[in-house]
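Sequences listed follow chains E and P, in order. Heads up: the first sequence begins at 449 in my numbering, then just goes up one per residue. Heads up: the second sequence begins at 15 in my numbering, then just goes up one per residue.
Heads up, a few of these hints could be off.
Label-pair ranges, simulated between beta-carbon atoms [unchecked claim]:
{"#": "1", "chain 1": "E", "residue 1": "Ala644", "chain 2": "P", "residue 2": "Leu293", "range": "43 to 53 Å"}
{"#": "2", "chain 1": "P", "residue 1": "Val263", "chain 2": "E", "residue 2": "Arg466", "range": "27 to 37 Å"}
{"#": "3", "chain 1": "E", "residue 1": "Asn488", "chain 2": "P", "residue 2": "Arg354", "range": "31 to 41 Å"}
{"#": "4", "chain 1": "E", "residue 1": "Gln528", "chain 2": "P", "residue 2": "Leu235", "range": "26 to 36 Å"}
{"#": "5", "chain 1": "E", "residue 1": "Arg511", "chain 2": "P", "residue 2": "Ala41", "range": "48 to 58 Å"}
To be clear, the hints were calculated from the coordinates, so they are not data collected in a lab. Heads up, the beta-carbon is just placed ideally off N, CA and C, and yes, glycines get one too.
These are the residues of each chain, in order.
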Amino acid sequence: MTAPLLEASNVQVRLGGRTVVQDASLTLRAGEIVALLGPNGAGKTTLLRATAGLLPLQSGTIRMGGGARPQGQRCAYLEQGGRIHWPLSVRDIVALGRLPFGSSLQRLSTADQAAINTAMEDCDLAHIADQSTDCLSGGETARVLMARALAVEAPLLLADEPVASLDPAHQIATMQVLARQARRGGGVLVVLHDLALALRFADRVILLQHGAIIADDAPEAIIASKVLDRVFGLEFQSSGSGRDLLLAAKIDGPA
Amino acid sequence: MTVRAGDKIRQPHAPFWGVRGRGLTPALVILIVMLALTSLCIGAAHLSPADVWAGLHGVGTAGIIVLEIRLPRLLLALSVGAMLGLSGASLQGLLRNPLAEPAIFGAPQAAALGAVIVLYSGMANAVSWALPLAAIAGALVSMLLVFVVAGRGAHLITMLLSGLAVASLAGAATSLVINLSPNPFAVTEIVFWLMGSFEDRSLHHVLLATPFIALSALVLLGCGRGYRALTLGDDVARSLGVNVARLRVATIAATACGIGAGVAVSGAIGFVGLVAPHLARPLVGGDPQRVLVPSALIGAAILVAADILVRLVPATSEIKVGVVTALIGVPMFLYLVISRKAFFGGDAST
């Protein structure tokens, strides 16, 4: 078996004097989509940012595969609800993903161009490539940011709620893009709120509660274990095939 | 306002004119060369372009006028203007905010305080290295103070208020220094100097300021990639391998260095740093890296033009160039504030 793309051991993160993530260990291998689930405030974003090297660790280690390449080439990070602060064109924003390769907008290599074009096609942006990003809808902006992250062509993709502002069709299209990324040999760690979407597309689900990982298993096993009911304080039922999930009538509210 | 089908809706940031990309820099350079030649021709003694050409070679009276009076003035206007435009564009890129400029950090006022302390405490004469160094120190202190008080990632309003406080403090301290100065003529002199002018500057002044300005311009131009990455926010920029903390320090230090050196020789000249990037942005389409060079060139053009204007207006004593830039810049600033009221929270519904 190949070495994991990402290996976090006993990670603890403190923010503002509060322990937000404690003793979290996870691995991510090539070809895998792992969904990070949990209620609001469970520490999903914090764990993802720590994994991306954006937060100092209180203790624990994070090891990233990809050899001696610079961090920016090994791991692409997609921010939750990311904003585009200046009105660049769609293509120029996507091209920012090539920055870790020392590419500037004036000097893009053929490899850069190919990565940018593929990413834009994957995210259904080719027809608005030259539009200014201040004229885009929320969903289009989200896809532009996703394409920017894909353009890095990093083995590891860390995505924080990439489908939050998308309509159902584009949600599925985006998840399919992530699946394609995994099929090409990448590893994807994605924070999601849509449980049905997560269980349908993820190879593995990691469940966070109060900053700790309480489950790390295949979607079928997660559904069978009823752990989701405990964490979200809701009653879920699987419908037919082992991966589809329905929300039952009984609602207790958050645990 | 009613919008009908077929109405042309102006896209606020879409590039206009055909002058974009490669054609823009040469076009701006030609504009600056034309302004520069005009600047050398105009003054108390009118010189023809032929006189100026001869003067540049040191021939006759024209030689003295051109080389010793008008050339230093032109070079200072060019370099200080370019620095103001560049530092405005850089701070806007760093803070991701089109209203940022050195003055919102109180940098020019604090630089003036540093220079005034050196000048009127008799520590040094008007052309010594102590002058730019003290001004740079003043600008640096004010910028750091605003950053520390407002905190990292602060809203622009917090920064504006902190900057206003620092600028007022620097202004008050400057008044105090003038009052305490042993030189009775200090008040008049310093008040005129504070308004900003390129009158009666020599090549010594040029030599004092330009090394610092050149150094900071190099640093700021090198930061362009980082500003572009910051378009996507701090976290994403860092994930792309940009050292955001270093970018911040480099920008503040370089801006303070360039602004301080400029203020040391020409006094406080405001609003060019705000206006120049705004004129440049429609030409390059919002990119915080591509806006840097055009902003510098437009800043230089504005100050050379303003310096021509002050010599054309008939007045008993020459109008100060800082007065002209304020007269143009303040209405533009107010216009920007009005057009962004919602952003400032001026709209009750937000």
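Cross-check of the supplied hints:
A C-beta distance of roughly 52 Å is found between Ala644 (chain E) and Leu293 (chain P), which places it inside the suggested range of 43 to 53 Å. Between Val263 (chain P) and Arg466 (chain E) the Cβ separation comes to about 29 Å, which falls inside the hinted range of 27 to 37 Å. Checking the proposed 31 to 41 Å range against Asn488 (chain E) and Arg354 (chain P) shows it holds: the Cβ atoms sit about 32 Å from each other. The given range of 26 to 36 Å is respected by Gln528 (chain E) and Leu235 (chain P), whose C-beta atoms sit roughly 33 Å from each other.
Under the hint 48 to 58 Å, the C-beta atoms of Arg511 (chain E) and Ala41 (chain P), about 53 Å apart, fit the expected range.
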